[in-house]
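Enquirer: In case you want the letters, here they are:
2 protein chains.
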Amino acid sequence: MKILVTNDDGIYSAGIAALADALKEIAEVTVVAPSEEQSAVGHGITMKYPLRVTKYHKNGNFFGYAVEGTPADCVKMGIRNIMGESPDLVISGINHGSNTAINIIYSGTVSAAREAAIMDVPAIAISVTSHDAKDFRYAGKVAKMIAQKVIEHGLPQGTLVNVNVPNFPENEIAGILVTEQSKAKWDDIYEKRTDPFGKDYYWLTGKLVEIENEKLGDQFAVKNKFVSVTPIHFDLTDYDTFKKMKSWDIEKIFNEKTN
Amino acid sequence: MKILVTNDDGIYSAGIAALADALKEIAEVTVVAPSEEQSAVGHGITMKYPLRVTKYHKNGNFFGYAVEGTPADCVKMGIRNIMGESPDLVISGINHGSNTAINIIYSGTVSAAREAAIMDVPAIAISVTSHDAKDFRYAGKVAKMIAQKVIEHGLPQGTLVNVNVPNFPENEIAGILVTEQSKAKWDDIYEKRTDPFGKDYYWLTGKLVEIENEKLGDQFAVKNKFVSVTPIHFDLTDYDTFKKMKSWDIEKIFNEKTN
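From first to last, the protein sequence lines stand for chains A and B. Residue numbers for the first sequence follow the working numbering, so the first one is 1 and each next one is one higher. Residue numbers for the second sequence follow the working numbering, so the first one is 1 and each next one is one higher.
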């Protein structure tokens, strides 16, 4: 089995090292990850600038390829140029910080896995729910288990699996739940400050406004110490609204007006 | 009616000027747009750096607020700090280049509208299908018409409307169609070059592989000179796979193994 490993925290981060270590027990692992942190870049790709690729060593040993680009760039480049073939699986992570609810939209970790799904490669994104996470061994075990399950059962074209692991010792984990993307959203606040030259600047802060008792949600699961496993896809069409909009009569009106 | 206008091509682009002009006929327009081009940034937001906001003038007149950030940053900043209240509508565009099929995922234009939808503000993304588009007047008329329709009918929470206008004179437009996101995807190629210092670099190129006779798709519509109007949302859960994964027995297996 061949697995391409990437992330958005950068190739030097502790999470990707733990992920590669765990997966080496079951697969031939190729690491292609951003040379710098790329958190909250969403599904950006690099087109205005060329990409550069360098070999990254850890403790004197070759660890993987560092790409001066986004997580989605790493997956494209990893599959098209570095591996030159589709791996059996792409796994992105282990992210330092949770990717539940609306954060999935902003997440570089998830967008890397989504890029793989677009390229018809089964994919998993995996995160630990704290930015201060130190021990990624349990999440590594989860990644290995979910990887084996995905290979065993397969995924529909265009679907990926988003995994969030609570930042607790293994013996405190309540279990694992298949979940939906929670509807929880951020209440943003821009904190205004003034620089030493008298000019204003703004920092984005805010808090995630949770929804009470959203029992099928990813956010509810991790809050209750469950590992959350959510299947997500990138068919963004809202089919209910599609049907309703047909009755807006814009098709008819506009044809009459313009032709 | 109050409308917040933004884009991803930058506040100085021709498309956003045409959009603001068209909408001023029906609403009080506030422009908040990136100070520099932000194409293909996806749904990035700025957290590692502070944001700066400056007033942008055009021909000596105040045009809008330039934000040193992403399209999604502009919407957050525009609503939370500059307007200080939710507008009736957010419209992002007019983008220079189409945002159909998988391009929706990479699009800064669409992500700005999506950010508005996340903030419970009805939103529209509008694009003209050529990077070389010069005349945005017809697309401006379309934006105005769709804006009025969205206000009249409303949109479900979390849904936005993605509009693509073929780059043809008004009298050659075939009509308007309510569509679905096409399944067409890019076949990427990285072109390898060598810099004057002997180091390799890679440019992303490729072509969109279209799907024959995808008659409900946005890509099919614009190819046939129809304006395409697609309702999209950000509930990414794949509910079919959710049900199937329940039978993977990962919940049961994992609870037994770990507890």
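Quick caveat, the hints were computed from the structure, so don't treat them as lab data. Cβ coordinates follow ideal geometry from the N, Cα and C atoms, glycine included. Treat the hints with caution; some may be incorrect.
Said to hold, decoys possible - Here are the computed distance ranges between Cβ atoms for each label pair:
no., chain 1, residue 1, chain 2, residue 2, range
1, B, ASP88, A, LYS2, 46 to 56 angstroms
2, A, ILE26, B, LYS58, 57 to 67 angstroms
3, A, GLU68, B, MET1, 42 to 52 angstroms
4, B, GLU37, A, LYS225, 38 to 48 angstroms
5, A, GLU152, B, GLU68, 24 to 34 angstroms
6, A, SER86, B, ASP195, 28 to 38 angstroms
7, A, GLY198, B, ASP195, 21 to 31 angstroms
8, A, ASN213, B, LYS58, 42 to 52 angstroms
9, A, LYS2, B, GLU191, 24 to 34 angstroms
10, B, GLU152, A, LEU216, 51 to 61 angstroms
11, A, ASP200, B, GLU85, 43 to 53 angstroms
Enquirer: To test your reading of the hints: which numbers does this structure violate?
Expert: Hint check: 5, 7, 10 and 11 fail, others pass.
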